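**Student:** Required output: the full structure, derived from the provided sequences and hints.
There are 2 protein chains.
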Amino acid sequence: MSFTKARTMPGVMELLPLDQIALQNLLDTVRRNFERFGFLPIETPAIEFSNVLLTKSGGETERQVYFVQSTGSLKQGEVPELALRFDLTVPLARYVAEHEAQLTFPFRRYQMQRVYRGESAQRGRFREFYQCDIDVIGKDALSVRFDAEIPAVIHSIFSELKIGAFTIQLNNRKLLRGFFEQQGIADNQQQMLILREVDKLDKRGPGRVRETLTSADFGLSAEAVDAILAFVGTRSSGHQDALAKLAAIAADNESLRVGVAELREVLELVRAFGVPETNYALNFSIARGLDYYTGTVYETTLDAHPEIGSICSGGRYEDLASHYTRSKLPGVGISIGATRLFWQLQQAGLARRGQSHVQVLVAQMDAAELPRALGLATQLRMAGINTEVQLESKKLARQFQYADRAGIRFVVMQGADELANGTVAVKDLRRGEQFAVAEAELIKTLRVEIEQSRVMGDAALPAAAAVVAP
Amino acid sequence: MSFTKARTMPGVMELLPLDQIALQNLLDTVRRNFERFGFLPIETPAIEFSNVLLTKSGGETERQVYFVQSTGSLKQGEVPELALRFDLTVPLARYVAEHEAQLTFPFRRYQMQRVYRGESAQRGRFREFYQCDIDVIGKDALSVRFDAEIPAVIHSIFSELKIGAFTIQLNNRKLLRGFFEQQGIADNQQQMLILREVDKLDKRGPGRVRETLTSADFGLSAEAVDAILAFVGTRSSGHQDALAKLAAIAADNESLRVGVAELREVLELVRAFGVPETNYALNFSIARGLDYYTGTVYETTLDAHPEIGSICSGGRYEDLASHYTRSKLPGVGISIGATRLFWQLQQAGLARRGQSHVQVLVAQMDAAELPRALGLATQLRMAGINTEVQLESKKLARQFQYADRAGIRFVVMQGADELANGTVAVKDLRRGEQFAVAEAELIKTLRVEIEQSRVMGDAALPAAAAVVAP
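Going down the list, the sequences are from chains A and B. What the first sequence shows, in our numbering, is residues 35 to 504, in sequence order. What the second sequence shows, in our numbering, is residues 35 to 504, in sequence order.
In case anyone wonders, no lab produced these hints; they're calculated from the structure. Because the structure is a prediction, the values reported are computed rather than measured. Some hints here could point you the wrong way.
Chain copies aren't distinguished; within one or between two, either way the pair holds.
[Stated by the list, open to error] Using 25 Å as the maximum straight-line C-alpha spacing, the simulated BS3-like pairs for lysine-lysine come out as follows: (1) K362 to K173; (2) K173 to K428; (3) K429 to K362.
**Tutor:** Here you go:
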């Protein structure tokens, strides 16, 4: 018989169980924090009508779309009318437009699903990856106060993930636009092209960027380029410094005035939300794409790992669903690319393999006593302890070996001696110890050990500061 | 501007947030029980190579496959080399074959992901749906004892879901084969065709089924048909009756002998696993498909809702991954089609809308005091209480209305009076009551209320028996 090679397509992440648990822990932490801040879950289908998905994009997005066809339509040579979602924003827009009458506004939704992009295969690029999004959608209007809530959620998530010190970088598109207008550059498209060049500062160095911006392509004066580089180089350190940097801006046009005012309100409320000032800063170089965002924009970086780039980004937009509905739906949101983040944490040595969910293996001492072992396991499970039973008859050493390999910490044994005196022997594979407890005390004892291990496990983690030490 | 109609493709389930929470609760319960029995999670990509997915199927499956193409390959008119998974079994086989060297056997995995089938659109048929699978995969061999563990997992899940009395129906393919051999029908294909006719008993009545089976197509004698109908009509009531029904079989061939012995061992161990005898029964009409299963087979039905059909099915197979590897990988597993189950429970009035995850709305009494409200919310969140803050200034009545519509139970208010005397006013929208507590007591008070509500919520559920009363 000939075999088909068992393989996945390139660009997908497939994990062994203990790594899957680690990813699941990351996702669970994100979800728990989304819920803590009052966001409600939705899920949308992976497959959507192509014309619904591709209303506004064209260009880059369309080139990366995966089209879907059933065998029937394939045979008939039809152009695919279905495609896989490439983000969660377009499906959100479609969802809100479709169900508008049944939703309560402001609509606070979270969504954690996989999205699909036909990227060229490349290390660290994924064709299927989890996005974890929150958005608050207003009807007609949405206070800028919601822009201040987003950093509080980001702070809550990344503090709990314990992956090191991080900074939520804040900027405002109105501020950027106002500044460029001040420099006599009113065209939005040209503003973005300039920002794109500025983005290359780290790679190309200031000399070459200056050269490009003063070249015929851009035609900027050396003074204008100096002003731009100075402005986008603005970074704040601490809350008062951020306010001072805003106060120092000569806001002589409307866009600049509104941008400064919005950023100031966001900063004040971010502090009121309890976010420590070490965790947020102004960064006037952040723009986040060409068309979509209109006010506050966010990026989040790990202080010790700038090479990872932003691990959580987003911003404020004017109108979510203008392609589907006449209703004006302004919103603010962020997205965490969890698959890429998990991969990056692994690469940076910040992701640990998960611990098995299975806490106990009930050993098989004597096949005739299997029903008793099953009864013991049922008791443990009813007490909330995840338990596997050794069902196949094997030497005890092989049972230990199996538990050890599978990452199961406790092996519970009840042989003839233990049965005679009403006890249970417990082998703790992590500590390499074995002890005996009265059968009636087994559950209590294991619970204490598991709880201690949970607390100790956290304590044994390198503290956040240690992780990020250079 | 012209609008694109916001709509999903037919055959997908998209839910409003509170229904999404109800589905999520169902999935979480399934997952918790899988973990309780020591199963470990894996996830596989939705997109696989077509030739990997379609090794063994052909026929029905292939006709329902969704093929996937990136824009690039679409333009070049290529035959799609990618497809969406249509179940979790083929991806499991591919996964185990691909990662065999890194897995610990018996490999106990659970997997809860969506699968895709190009079904013709029809009420209650889904093109995208959740499957929740567990399988135990052995290397070379796997004791029949594992077949007895599966009903224990099923029992644990459906007891916790509280959707009424249910029966796990057990049969064994070796038993069926042995019986047919006894009747002189040795051909596996013909056995299945006969079983397919027998399956129509309820719809067509015994007269017409008899007619078909004695017709030229099948050519069975009236005596043989009687024997078949009597045999497949076997149902046990209670553990002893099940054992008695097995003992009554004249097992005069090897297949029949082994089938009887396996079923007997499974029954004995299912009891030892603590499954009440009202929750399992022999049902000799269950066959589950043509080629795949080779030993124990399972179906699970709700006693008061036979029209729903099986809500959890599976069985024992000889060799999981023979298309990908020379290794012999016998296994046993089940699948729960969670999307369809949820839909059916909704149809049968057995699914309740979920309760919002959001427990508290901190009201905005005075915009100037917003930072204080944010601080209060942070305290609640740090105590594990999911909390939303009223960020936009609105009349209190409108804030209550919002909380009520959004399903948030408590509105927490701190106006000038409360601030003056260090208290907080709490409006309980479910009970329609308002009370005051000292600010220092707020968290404790809310925790007690939320915990009580959780327990009462369970108690307020129609008890399982009541739900299934005719």
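**Student:** Can you list which hints this structure breaks, lowest number first?
**Tutor:** No hint contradicted; all consistent.
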